[in-house]
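Protein chains: 2
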Amino acid sequence: MSIKWFSLTVDAVDPPKLARWWAEVLDYQVVFEEDSYSAIAKDEWTFPGIAFNRVTEAKTAKNRLHWDLNPTDQNAEVERLLAMGAVKADIGQGQVPWVVLADPEGNEFCVLVPWKHPEEVS
Amino acid sequence: MSIKWFSLTVDAVDPPKLARWWAEVLDYQVVFEEDSYSAIAKDEWTFPGIAFNRVTEAKTAKNRLHWDLNPTDQNAEVERLLAMGAVKADIGQGQVPWVVLADPEGNEFCVLVPWKHPEEVS
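Respectively, the protein sequence lines represent chains A and B.
Going by the numbering used here, the first sequence opens with residue 4, and the numbers climb by one from there.
Going by the numbering used here, the second sequence opens with residue 4, and the numbers climb by one from there.
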């Protein structure tokens, strides 16, 4: 008996559009798409994927769950994401080494300082 | 240049406690732990992990992001999770084949009907 993390599922006003946006961010594939539900993943055998589920209500508060993303180049990725339609987000983070952005539906995420496993670095 | 999904980060009132709860759910390891920030993952080389970050404010609304979990046995897993302190959650889902639960800090997640890749089934 076991249970596995299948997907992170995101309430979305426009699931196909937000799914394609995140697929471009992460270089993921769209593995399932219909009007009310879209899913993306690294490939169809890799879990968790990210699913987008249609809701009618817009976001009203800071999300309690968010993505942290590990870039190879923080500045370059922030520039790329802003050009794609992300926006800078102020959730009271103050001066921190990561950059807080929000996706086109307002979901916060952080672009970290590039991180490598200590055994990769040494 | 690339960016990778490093972790799903969860605002938590008690990060070490909630991290250990989720590690037990998913059979993950605690890969980092301090009072204000804990992280779990399948192992320290597998991403995304799940991180828990201390906040003082409690949850006030349904989360817009949630976990979907794929069990080998839905009923047995729901029983196990309820015994661990999960609670059934009503987010207006009505009659659906998945079971909506909430973790000890109220974060919703779904226990799906067991899913196998079509190529595994055939």
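Simulated from the structure, these hints should not be mistaken for lab results.
It is possible that some hints are incorrect.
Each pair may be met inside one copy or between any two copies, as identical chains are not told apart.
[Said to hold, decoys possible] Below 27 angstroms or equal to it, Euclidean Cα-Cα: the simulated BS3-like pairs (lysine-lysine) are:
1) Lys119 <-> Lys62
2) Lys20 <-> Lys45
3) Lys91 <-> Lys7
4) Lys91 <-> Lys45
Now for the hints, and whether the structure bears them out:
With identical chains, the CA atoms of lysine 119 and lysine 62 are never at most 27 angstroms apart, being 33 angstroms at best within one copy and 32 angstroms at best between copies. In the homo-oligomer, the alpha carbons of lysine 20 and lysine 45 lie at most 27 angstroms apart inside one protomer (18 angstroms), although the nearest pairing across protomers, at 30 angstroms, exceeds that limit. Taking identical chains as interchangeable, the C-alpha atoms of lysine 91 and lysine 7 lie at most 27 angstroms apart only when they sit on different chains, with a minimum of 19 angstroms there against 33 angstroms within one chain. When the C-alpha separation of lysine 91 and lysine 45 is checked against a cutoff of 27 angstroms, the pair qualifies only within one copy, where the shortest distance is 26 angstroms, while the shortest distance between copies is 31 angstroms.
Checked against the numbered hints above, the structure breaks only hint 1 and satisfies the rest.
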